[in-house]
Amino acid sequence: MSGKKKIGLLLGLCLAAALSAGIYGYLQSRVKVLEVGIFAGSNWDVANANSYVIIDKAVEKFEAAHKNVKVHYYSGIRKENYSEWFSRQLLQGKEPDVFMVLGEDFNQFAEIGVMKDLEPLMAKDPEFDEGSYYSTALGAGQYKGRQYALPYETVPTLMFVNKSLLNREGLSVPDNDWTWEDLYRICRRVTKDKDGDGLLDQFGTYNYGWMEALYSNGAKLFNENGTESYLNDEKVTEAVRFARQIAALNGMQKVTRDDFDSGSVAFMPLPFTEYRTYKTYPYKIKKYTKFQWDCITLPAGKEGDNTSVIDTLLMGISNHTEQEQLAWEFLKLLILDEEIQMDLFRYSQGVSVLKEVTCSQEAEEILQADMEKNEKFIDNALVSDVIENGVVTPKFLKYADAVAMADNEIDRIVEDDDNIDNSMRILQRQISAYLRR
Amino acid sequence: MLAVNFIAVLAVTFFIAVTTQRICGDYRAREFLDAVHALPGGEPWHIVIVSAALYLALAFTIVVQERYYTGQTKKLYISLAAEFALSALIAVLLNFNYNGVFLLVFTGVIYYAKGTKGKYLLICLALFCFLLTDSKLVSLSYPLYSINDYFSYYDASMQQYLVGGYSLLSSLNIILFIIYCILMIQQQQGTIDEVNMLYEEIRKTNEDLKNANNQLEEYAKITERMGEVRERNRIAREIHDTLGHTLTGISVGVDACIATVELSPSDAKEHLKRISEVARNGLLDVRRSINELKPDSLERLSLESSITKMITDMRSITDMEIFFDCRIPRLKFDEDEESAIYRVIQESLTNAMRHGKASRVRIVMERVEDTVVLTIQDNGIGCAEIKNGFGTKHIMERIGMLNGTVEFRSENGFSVIARIPIRWGEEYD
Numbered sequence: 001m002s003g004k005k006k007i008g009l010l011l012g013l014c015l016a017a018a019l020s021a022g023i024y025g026y027l028q029s030r031v032k033v034l035e036v037g038i039f040a041g042s043n044w045d046v047a048n049a050n051s052y053v054i055i056d057k058a059v060e061k062f063e064a065a066h067k068n069v070k071v072h073y074y075s076g077i078r079k080e081n082y083s084e085w086f087s088r089q090l091l092q093g094k095e096p097d098v099f100m101v102l103g104e105d106f107n108q109f110a111e112i113g114v115m116k117d118l119e120p121l122m123a124k125d126p127e128f129d130e131g132s133y134y135s136t137a138l139g140a141g142q143y144k145g146r147q148y149a150l151p152y153e154t155v156p157t158l159m160f161v162n163k164s165l166l167n168r169e170g171l172s173v174p175d176n177d178w179t180w181e182d183l184y185r186i187c188r189r190v191t192k193d194k195d196g197d198g199l200l201d202q203f204g205t206y207n208y209g210w211m212e213a214l215y216s217n218g219a220k221l222f223n224e225n226g227t228e229s230y231l232n233d234e235k236v237t238e239a240v241r242f243a244r245q246i247a248a249l250n251g252m253q254k255v256t257r258d259d260f261d262s263g264s265v266a267f268m269p270l271p272f273t274e275y276r277t278y279k280t281y282p283y284k285i286k287k288y289t290k291f292q293w294d295c296i297t298l299p300a301g302k303e304g305d306n307t308s309v310i311d312t313l314l315m316g317i318s319n320h321t322e323q324e325q326l327a328w329e330f331l332k333l334l335i336l337d338e339e340i341q342m343d344l345f346r347y348s349q350g351v352s353v354l355k356e357v358t359c360s361q362e363a364e365e366i367l368q369a370d371m372e373k374n375e376k377f378i379d380n381a382l383v384s385d386v387i388e389n390g391v392v393t394p395k396f397l398k399y400a401d402a403v404a405m406a407d408n409e410i411d412r413i414v415e416d417d418d419n420i421d422n423s424m425r426i427l428q429r430q431i432s433a434y435l436r437r
Numbered sequence: 001m002l003a004v005n006f007i008a009v010l011a012v013t014f015f016i017a018v019t020t021q022r023i024c025g026d027y028r029a030r031e032f033l034d035a036v037h038a039l040p041g042g043e044p045w046h047i048v049i050v051s052a053a054l055y056l057a058l059a060f061t062i063v064v065q066e067r068y069y070t071g072q073t074k075k076l077y078i079s080l081a082a083e084f085a086l087s088a089l090i091a092v093l094l095n096f097n098y099n100g101v102f103l104l105v106f107t108g109v110i111y112y113a114k115g116t117k118g119k120y121l122l123i124c125l126a127l128f129c130f131l132l133t134d135s136k137l138v139s140l141s142y143p144l145y146s147i148n149d150y151f152s153y154y155d156a157s158m159q160q161y162l163v164g165g166y167s168l169l170s171s172l173n174i175i176l177f178i179i180y181c182i183l184m185i186q187q188q189q190g191t192i193d194e195v196n197m198l199y200e201e202i203r204k205t206n207e208d209l210k211n212a213n214n215q216l217e218e219y220a221k222i223t224e225r226m227g228e229v230r231e232r233n234r235i236a237r238e239i240h241d242t243l244g245h246t247l248t249g250i251s252v253g254v255d256a257c258i259a260t261v262e263l264s265p266s267d268a269k270e271h272l273k274r275i276s277e278v279a280r281n282g283l284l285d286v287r288r289s290i291n292e293l294k295p296d297s298l299e300r301l302s303l304e305s306s307i308t309k310m311i312t313d314m315r316s317i318t319d320m321e322i323f324f325d326c327r328i329p330r331l332k333f334d335e336d337e338e339s340a341i342y343r344v345i346q347e348s349l350t351n352a353m354r355h356g357k358a359s360r361v362r363i364v365m366e367r368v369e370d371t372v373v374l375t376i377q378d379n380g381i382g383c384a385e386i387k388n389g390f391g392t393k394h395i396m397e398r399i400g401m402l403n404g405t406v407e408f409r410s411e412n413g414f415s416v417i418a419r420i421p422i423r424w425g426e427e428y429d
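Line by line, the protein sequences are chains A and B.
Numbering follows our numbering, with no gaps: position 148 of the first sequence is 148.
Numbering follows our numbering, with no gaps: position 157 of the second sequence is 157.
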């Protein structure tokens, strides 16, 4: 090769390098906008004054770490409008890159391919460690065995205990490993007609039904894919039978919310969020003010544990996002960053999905800080346990309908059917037929 | 068909865009989502524009292909591949709700692939694409949004119209495709008719040819007869040439003997010996002429040596001085030319001896431009008027056969000047 040719080649290479560097620089300097879909207020319908605090913080942190990226979200979409708003964006092909997925939308959205399958991203990212999450929280975002959404915030169900009522009846608050028998014993004890007008005016439970009993009896209603139902399984019938026993205590009378609020009901299943909101300042004064109360686990059935259903707020990435990596980074910031997750205890009412954060001293301090001096916030480790062992409702398309069908019929059985086994067998056939259709 | 497909593609996308807008306007998006199996996955209006653009690109390719690529197999294949790709893109974009576009490409395949090697492969591919991209088939393995979901958003009577319109468009497309196929078949039938007609023509021509052949055969017979006549003439000429020449030599030689026999019997004896030899030679000549009608000398020897031999023979029986001056370095002629030249020389010498009583003959053969000029000049008495005797006539005939010219002059003796044109492509070098 001659000298001239060499120089020419060198010049050409330099030019190409400069050009590609220029293009790269230009592409890098372009401001990318990451659209985020979130709603205002709590996912669990409790008062929340700090809707956007956490997200704003996350956005700030994210934008600081990623130059030329702007994160945008529409503020002011209320939870009740969020689903419709999101669906409209979806139909118009303008869905956000990262978005919250409501529990009732998850199955349908996963079915029609709204969310990206996150497993390749999870596998690729060394920072992501499945082990640091509650497996139940992760499970909430799985559909047909694939992870379509990741948990952002989770909420276990606890049992509200009216301490004042129990004290009055000379009973102590049950331990956290109490059983159905304990519940039944206490209920029978407290259910009475105090003013002697022939009507019961003090009750054992409000809103405690066959589902709650089912979860704590280790029973399953459906298989993972929603192709089979196990309604005539012994564990299920046991739960239904127990629910019927509890209901029978009240005779023909229906326990109402008013009864509960006025302090004449001993127990009620309660999401952690309500506990968190109304047990601490500033909302402490709004609800359940007439009596002393606390929360414990739900009673264990014969075959089960002190477990309850957990509810998880999920976040997903759009299947059509053009900025997959950025969306993943942002999602990761929300669900993996300990600082952000810790803020859930500060500004939200749920529980962090990171075990380490939930069990930390800091979280405990944050929760305790808002409590009255003489009261102790429920033990973090216990909450963590409840979440870890909690029940995740199966994820399949017909789940909501199938459960509604079952609930409707079982409510009737609980109210006035003595032939529970037979009725459950019939129901099992009906539901199975529906599932197979 | 191009237009129908365009309308169909536009209608499908447009309908989805409008319905989407309507759903959103009615605030029933979430409810609608419960009824669908998948989503278009893009902004509906974008899809309208992109699919229209893709379709126009497809139409453009088809038009270009029709106009300019006919007969260029390689380009045809490339453009067909491009059409397949574009159709596939459109079908995917429409989530296989309308795959009639493939029929459009299919027609192209049928039209162009007729003569090519891969026609069955291409047709299978097109058919495969069309069948495989049926929305119901694809949705078995892959979630697809269905236009029917969008139809079901409307009330029953509206749905009827919509479904009707939709099927009308797809059916129309299929009908057009079928019509196209029928036309193709008819056209091919037309081609078959044409081939039959051509065949008939060929058959007729064949018959004509046979007749012509028969005529030709008759003609050939006539020609043969004419050949015989010509041959007879040739034989007459040969006899004259060989026998005449020899006999002339003998008679002149015998005359000389008569004159010298008394003065010098030994000379006469010697003369007679030679005459006898010439006579024998002449006899041989005659025999050969009769057998093959070809001069003996020419058969064996080259032209130059034949001429030289003839001159030597002539010298030995007469007192004539003969000079042969050949100015063409190598004599190379065709047989007929050689024969003609030989005979002209022979005839001229005979004439010079018999009629001119010449004592000296000069033969010059040279090349002047594109002709060979043969000059035979004697110092005899010549003749006042050139008679058209058998000899000169022969010379003229022979040279005439070679498209040459002959000139006879009678000054300072007699001279024959023959000009034979050099034949094209040959060199007398």
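These are calculated hints, taken from the structure and not from any lab test.
Hints are not guaranteed to be accurate.
As the list claims (entries may be wrong) - To list a few chain A residues with every Cβ distance to chain B over 12 Å, as calculated:
no., residue
1, Ala16
2, Phe86
3, Glu104
4, Gln202
5, Arg257
6, Arg412
What the hints assert, rightly or not - To be clear about the criterion: a stretch of chain A counts as covered by chain B if any three or more of its residues have a C-beta under 8 Å from a C-beta of chain B, and this derived list gives those stretches:
no., stretch
7, 91-97
8, 107-113
To be verified - Label pairs and their computed distance ranges (CB to CB):
no., chain 1, residue 1, chain 2, residue 2, range
9, A, Arg437, B, Ile175, 45 to 53 Å
10, A, Asn419, B, Ala156, 39 to 47 Å
11, B, Leu172, A, Glu63, 27 to 35 Å
Given the structure is predicted, the values throughout are model-derived calculations rather than measurements.
Positions of the beta carbon are idealized from the N, C-alpha and C atoms, including for glycine.
Status of each hint after checking the structure:
1. Ala16: Per Cβ check, alanine 16/A is outside 12 Å of chain B; nearest 30 Å; holds.
2. Phe86: It is violated; phenylalanine 86/A is separated from chain B by about 8 Å at its closest Cβ, not greater than 12 Å.
3. Glu104: The assertion about glutamate 104/A is violated, with a minimum of 9 Å to chain B.
4. Gln202: 42 Å, holds
5. Arg257: Its Cβ never comes within 12 Å of chain B, the nearest being 28 Å, so this holds.
6. Arg412: 26 Å, holds
7. 91-97: holds (count 4)
8. 107-113: holds (count 5)
9. Arg437/A <-> Ile175/B: 45 to 53 Å: Given range 45 to 53 Å: violated, Cβ gap about 37 Å.
10. Asn419/A <-> Ala156/B: 39 to 47 Å: For alanine 156/B against asparagine 419/A, whose Cβ atoms are near 43 Å apart, the range 39 to 47 Å holds.
11. Leu172/B <-> Glu63/A: 27 to 35 Å: 54 Å, violated
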